[in-house]
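A.B. asks: Listed here are the chains, written in short residue letters.
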Amino acid sequence: MNTPSTPTDRSAYALGLTCLCHIEATRSPSLIDALADVSPDLGRLAIRFVYGEIYQRPHLSYHDRQLATVAVLAVLGNARPQLKFHIAAALNVGCSAAKIVELMTHLLVYAGFPTALNGVFAAKEVFDERQLHFTPTTTPSCPGDARYQAGMDALSRIDGHAGEAVMASLKGIAPDLGRFIVEFGFGEIYTRPVLELLERELITVAALAALGTATPQLRVHIHGLLNVGGTREQMLELAIHVAAYAGFPAAINATLAAREVFSERDAGGGDGDPSAPSG
Amino acid sequence: MNTPSTPTDRSAYALGLTCLCHIEATRSPSLIDALADVSPDLGRLAIRFVYGEIYQRPHLSYHDRQLATVAVLAVLGNARPQLKFHIAAALNVGCSAAKIVELMTHLLVYAGFPTALNGVFAAKEVFDERQLHFTPTTTPSCPGDARYQAGMDALSRIDGHAGEAVMASLKGIAPDLGRFIVEFGFGEIYTRPVLELLERELITVAALAALGTATPQLRVHIHGLLNVGGTREQMLELAIHVAAYAGFPAAINATLAAREVFSERDAGGGDGDPSAPSG
Amino acid sequence: MNTPSTPTDRSAYALGLTCLCHIEATRSPSLIDALADVSPDLGRLAIRFVYGEIYQRPHLSYHDRQLATVAVLAVLGNARPQLKFHIAAALNVGCSAAKIVELMTHLLVYAGFPTALNGVFAAKEVFDERQLHFTPTTTPSCPGDARYQAGMDALSRIDGHAGEAVMASLKGIAPDLGRFIVEFGFGEIYTRPVLELLERELITVAALAALGTATPQLRVHIHGLLNVGGTREQMLELAIHVAAYAGFPAAINATLAAREVFSERDAGGGDGDPSAPSG
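For the record, the sequence lines run as chains G, E and W.
Under UniProt numbering, the first residue of the first sequence is numbered 1, with each subsequent residue one higher.
Under UniProt numbering, the first residue of the second sequence is numbered 1, with each subsequent residue one higher.
Under UniProt numbering, the first residue of the third sequence is numbered 1, with each subsequent residue one higher.
Pulled out of the complex, with its shape left as it was, chain G reads as follows (with noise of 0.2 angstroms):
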């Protein structure tokens, strides 16, 4: 077996170390002083194989990279220091303040409004402390009337037959869920500005696959990401970023959900491909 040619672990390192003082906005990465008297090996696996491998990796920006990362610390809830850091660092790479509030907003839908609550006042404490003096802008929602027109639009467009067939499931059992869904969901959320929907689908695959409970919707969510632009690299790409923040079991298992996605698709079933026919 080939082992493509990667950098020596000390180039990685190297290159890790750029990395997180680039993101950190720093010259002296605060992992490296908070670990240096008690585990000095920890902080140097983190900085050579999550900074100077796995963020060097083609297919996804920083930028995605720190969307990625913010997604799953925020909705696995379980890491509130690193969830500050990576919030920090999404702005050291360029995502506005509004991004990142908004990006918690969306995370309600898969992760509930603690989640959503515990993730602005997270990226408050961050503006204050960078002194960052953000102003939100507010959204008018959707006119209730035309919410369930619009919800549905935009799941059409998002999950096709995937999320049709999701809302058929639900009509026999608990049709009002299914209206939530389209109505609150992706009439109100996913049509809000801010957040393009690639972006929204980024987010969504990254945080189910750390969650890795909801394997249903995770397929769903990854025919979502090829139908509004995502790429098949950029699928697998994120999965291989998610080992970094929720193991190398989550990563795996959203790398065969995603192989199952891309059958089907080839397939040209019915799947969650709004173009293809209907199954």
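Quick caveat, the hints were computed from the structure, so don't treat them as lab data.
Every value quoted in this text rests on a predicted model; they were computed, and no experiment measured them.
There could be a bad hint or two in this list.
Stated by the list, open to error - A few chain G positions that, by computed beta-carbon distances, are all more than 10 angstroms from chain E:
1. T26
2. P40
3. R57
4. H63
5. A116
6. T138
7. S141
8. L197
9. L256
10. F262
11. G268
Claimed, not checked - One side of the interface only, derived from the structure: several residues of chain G facing chain W at Cβ under 7 angstroms:
12. A36
13. A79
14. Q82
15. Q234
16. L236
17. A244
18. G247
19. N253
20. R259
21. S263
Cβ atoms here follow ideal geometry from the backbone N, Cα and C, with glycine treated the same way.
Mind docking chains E and W on chain G? Use the hints.
C.D. replies: Quick look at chains E and W alone, frame taken from chain G:
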């Protein structure tokens, strides 16, 4: 598909605001202030959707909704401020302090001791902040030699054949684990006072739906909820309620599990219904 | 900054491949095949980093690493294929079937019954696939009236003052919960055979580090690990190990918790060391 007529957004927001003021026992919800300068839209969406729409729905009282919310936030363990907020709200809608402490004790069966401990300590902070002088009572354990039988009686009553099938399947691999479930889970915990059996099953179903990692047990306890007097409408409403605190994927997956359980019961098979003929 | 000399990537990959073949007991790791046509890079990264680097480090044997990995995957509950893979790998490196079943039983204290049940059923599937005829033995419970004292003895031995402080803090709010922890958690579970105390603490620390939602308990059990003979080096290595299965943030936070515990012990204060003067 017809979308049922829904309140206009303005009136849904107004209803939500009234509801939130009621459960927080305030004239000025803290959520609005906390989000005003960072994401007023998130506050508006939460008030309109969670409190103006979900909380207004039938089949679950505010009291039961607060039990479910506290259970979800306790087992997810990732949103301590909201956990404290909803413990206080539970008190405000008429849950006793004893019931909240008992809820946390109940959760140790489904989420382990750390979850129960952290839940109890959060409750204690809320009680102390309100200067609520809570005097715990203790319940003597069922005597050791009677506990297995008491547990089997409770197990049969609650989970019916679904629970008995779990016990049988453990015999060949981990009989002591099966014994602990019967003696400790059912003999000790389910036989305790303060929470009704129906409340215990509402809590259990909400917690397992939010976790998303224990689908077989979720199905057993959907049977359990129906066996101790819960209705299918309550079950489906509980799934919708969970969407607010653990996201839509958790709600969808719980709803689809409920559909399977309902089908099993309609087929009259050896399902979880203790009045059904043995499978 | 010096980067310690590390194996080159090529040799790390070769070491990782040898390691993975060993723990999977195969000449052709399934991971490579599974990912070959979808994301060979992910397979290569996992082999080089997890098996070529982390598994090659000192202070934890393959046996102990497999116990930790199985504990992490069981409590996260979101990666069943990997859980089965690592149960099989644990058998391959010399863990007995009885030890794996006992590990799952132990986890009910920290993650609840569904986790323990699902872990046991995954183990049973692995045993059946290998035609490993496992005959469980049962351990009689400590008699009911002696259980509290046995539990307090175990608690003092393992958690020291840290555990006693938890019990004291429960007295005013949930004394029955405190009693359950003593009687059931310590009196029943920790006194069972098959797993050594040190193994129980390795499992506990790995599980709590992965969950990331029970920091107070993680700190108590870092004390516990050291109190029953574990070393600081093992603790720090365990944190690094967790990075592979639960991500770097979990590893970093566990390491920082360890640093605090080490400082407490060095200060000789009323920490978790049973031989230290009471605080």
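A.B. asks: Determine for every hint whether it applies to the structure shown.
C.D. replies: We went through each hint and held it up to the structure:
{"no.": "1", "hint": "T26", "in the structure": "holds (25 angstroms)"}
{"no.": "2", "hint": "P40", "in the structure": "holds (29 angstroms)"}
{"no.": "3", "hint": "R57", "in the structure": "holds (28 angstroms)"}
{"no.": "4", "hint": "H63", "in the structure": "holds (21 angstroms)"}
{"no.": "5", "hint": "A116", "in the structure": "violated (6 angstroms)"}
{"no.": "6", "hint": "T138", "in the structure": "violated (5 angstroms)"}
{"no.": "7", "hint": "S141", "in the structure": "violated (6 angstroms)"}
{"no.": "8", "hint": "L197", "in the structure": "holds (18 angstroms)"}
{"no.": "9", "hint": "L256", "in the structure": "holds (18 angstroms)"}
{"no.": "10", "hint": "F262", "in the structure": "holds (22 angstroms)"}
{"no.": "11", "hint": "G268", "in the structure": "holds (27 angstroms)"}
{"no.": "12", "hint": "A36", "in the structure": "violated (10 angstroms)"}
{"no.": "13", "hint": "A79", "in the structure": "holds (4 angstroms)"}
{"no.": "14", "hint": "Q82", "in the structure": "holds (4 angstroms)"}
{"no.": "15", "hint": "Q234", "in the structure": "violated (12 angstroms)"}
{"no.": "16", "hint": "L236", "in the structure": "holds (5 angstroms)"}
{"no.": "17", "hint": "A244", "in the structure": "holds (6 angstroms)"}
{"no.": "18", "hint": "G247", "in the structure": "holds (5 angstroms)"}
{"no.": "19", "hint": "N253", "in the structure": "holds (6 angstroms)"}
{"no.": "20", "hint": "R259", "in the structure": "holds (4 angstroms)"}
{"no.": "21", "hint": "S263", "in the structure": "violated (9 angstroms)"}
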